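Chain by chain, the residues run as shown.
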Amino acid sequence: MASRPAVAAPELALDHVAALSRAAGEDAALLAIRERARALLTPLTLPDRARHLWRYTSPATFLPDGDPSAAAPGDVGPAWRLDESLSAAALLGGGGLRVIEIGADARAAGVVIEDLHRAGVADLLGRVVPAGHGFLEAINTAAWRGGVLVRVPAGVTLEHPIRLRLVAGALSLPRVLVLAGEGSSFEVIEGHVGGGAAARVIGVTEVVAEANANVRYGLVQRWEAGVIGHLTARARVAAGAHAQLSLASFGGAEFKADVGAVLAGEGAAVETFGVAMGGDAQRFDHHTEHIHEAPRTTSNLDFKVALTGAARSAYTGMIRIAPGAAGSEAYQENRNLLLSGHARAESIPELEILTDDVRCSHGATVSPIDPEQLFYLASRGLAPMQAARVIVYGFLDQTLGRLPQTTRERIQALVAARLHTE
Amino acid sequence: MNENARPVFSCNGVHVRIGEKEVVKGVDLAVLPGEVHAIMGPNGSGKSTLANSLMGHPAYALTGTVELGGEDVTALPPDEKARRGMFLAFQYPVAVPGVTVASFLRAAVSAVRGADVPVREFRKELLARMEDLEMDPGFAGRYLNDGFSGGEKKRVEILQLLMLKPRFALLDETDSGLDIDALKVVAKGINAAASNDTGMLLVTHYQRLLNYVHPHVVHVFMDGRIVRSGGPELALELEERGYDWLEPAAVGGV
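Quick mapping for you: the protein sequence lines, in order, are chains Z and W.
The first sequence finishes on residue 513 if you use the working numbering, and the numbering steps up by one all the way, no holes.
The second sequence finishes on residue 616 if you use the working numbering, and the numbering steps up by one all the way, no holes.
One chain only, chain Z, in its complex shape (with noise of 0.2 Å):
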């Protein structure tokens, strides 16, 4: 793969921070911030590879070439053509933002969908995916160029989702900052496109999910071929609110992506649904994490990933459950299916159980798909491809069936797309 030795010493040159904030038109607090997560990488030093977030992929896979403060901003991208109902939809690319669209029933509720660089937020920047994170996401907060902040009001309710289209250039610094008001509840899906051979995304999204609020948050990765990624997307849920994270991996060459939410209020419930495929020779690695930091919080997990040619998954899934969450739930399943002797898929469960008085469960399975199944197909007359296609169809198809219509109708089509070019 691209990945440059570990042990090479890395450089980072972060020398243009000032300037593109000043060129967005960004707030002395956001510049703080920027300098402050600068100063956490200066001198650079990479996480161990023995460290687990890092046990499958380099760290340097995802370094920039260049100074990453200093790219030019480009053409956010053409906008694409609105085939459904939505509250809204916002394009994110070349370093800038276009607002396609704020429905009148969402504008009249008060949703805010604005350029982060200058909506004046600093303050709750940070709060969810701080810089001190990880050094990827340090490198975002110092130097991310293109954001949005979409805002959904305290007991706002939006019958149709909020969609978000982040197209990926030769190197990509997005950041996404959601904030659910008290008892609102609404759908957003953020989907990345784009890129092409060796282009480099480093994203970081928060979302805030204020108490009673119910929020379906959807990570939708299908870049080109060749693109090098990893995302954050990380949610922080209050008292009585309910986060639904769903996260479907098509694209790129070697993606790697952290997902996951702390349960911060009492009563605080997250469900994680996922479902990945790759295939030639496509790298994923998948972390989760479930943080109970609050009495009486569920959490479940299913993640699901199907391999073809000579793709190579690794998912690491945390459950927390910290000292003061008692009465509390977590279930973890990531299933894997092989559709080739090559591909080779890993799955690591890490449970940090720290009260008693919790139900907590994990399992995992990596498996080829079952002859029995192929046999019993092909004797109604589906050729090997087609039931094999069928089967893992099915296999995915389990876990998007939790998922609200409309996102799972989209990632249908996309694992049909998929399916069919295999």
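You may find that some hints are simply not true.
Each pair of labels, with its calculated beta carbon distance range [to be verified]:
1) A421/W x G454/Z: 26 to 32 Å
2) E496/W x G201/Z: 51 to 57 Å
3) D448/Z x E483/W: 54 to 60 Å
4) L442/Z x E609/W: 55 to 61 Å
5) A507/Z x A490/W: 25 to 31 Å
By construction, these hints were calculated from the structure, which means they are not laboratory data.
Computed from a prediction, not measured in an experiment: that's the story for all the values here.
Glycine included, every Cβ here is placed at the ideal spot set by N, Cα and C.
Once you have looked at the hints, place chain W on chain Z.
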């Protein structure tokens, strides 16, 4: 059933090995359109192996010839046999989680008929056949065989038989694990398929299915061979006397 008809299915000199072990030791059969044959035999006699290997299960090595409508299909993979009109109702149908009965059947019907069936037309036909089999319409949306009871699985096998309208169907122990009501429903489906000119080979351990489905020919299968063939009266004789009197030694080593 037409006495002058050519067999819709025949096999000659069929031997089946599982690894080093020969399980089926020379079987000849000929089934006419609409004709029902029953293969009866004790557990472990190789009946299920015969049914699965005739369909082309990859774990079994079959020698001899298998013909469908006069065409030699011995070497064809199971999906091609199915598209030529052959069907196997499984003794233990496997679950395919995430795939609904309706979507699976639509894919199968399209594959076997060689053309996509319009959704509305398919749905209408599916619901009609489900009603014939006294199945709740909600079944169409359930994942195939996933969490089904034994009886539900067998009904869904017969539902597939009726939807796919094969020329020849192997039914492997379709009567096992059924209560009497389910048995009657399944028998009704089998009879409907037979009246539709499907030739059938019922593999069964018990005689009770034959109270509701009347076979034209009964074969007794023991130790990998057909040791006796006869009319329906043979089934009744087996019911009364069991299989012991037909042990190869007892009949002089057939």
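Comparing the hints with the structure gives:
About 28 Å separates the C-beta atoms of A421/W and G454/Z, a value consistent with the hinted range of 26 to 32 Å. Between E496/W and G201/Z the C-beta distance comes to about 55 Å, which sits within the given range of 51 to 57 Å. Distance hint for D448/Z and E483/W: a CB-CB separation of about 57 Å, consistent with the stated range 54 to 60 Å. The hinted range of 55 to 61 Å is satisfied by L442/Z and E609/W, whose Cβ atoms lie roughly 59 Å apart.
A hinted range of 25 to 31 Å for the beta carbons of A507/Z and A490/W is consistent with their spacing of about 29 Å.
Hint violations for this structure: none, all hints satisfied.
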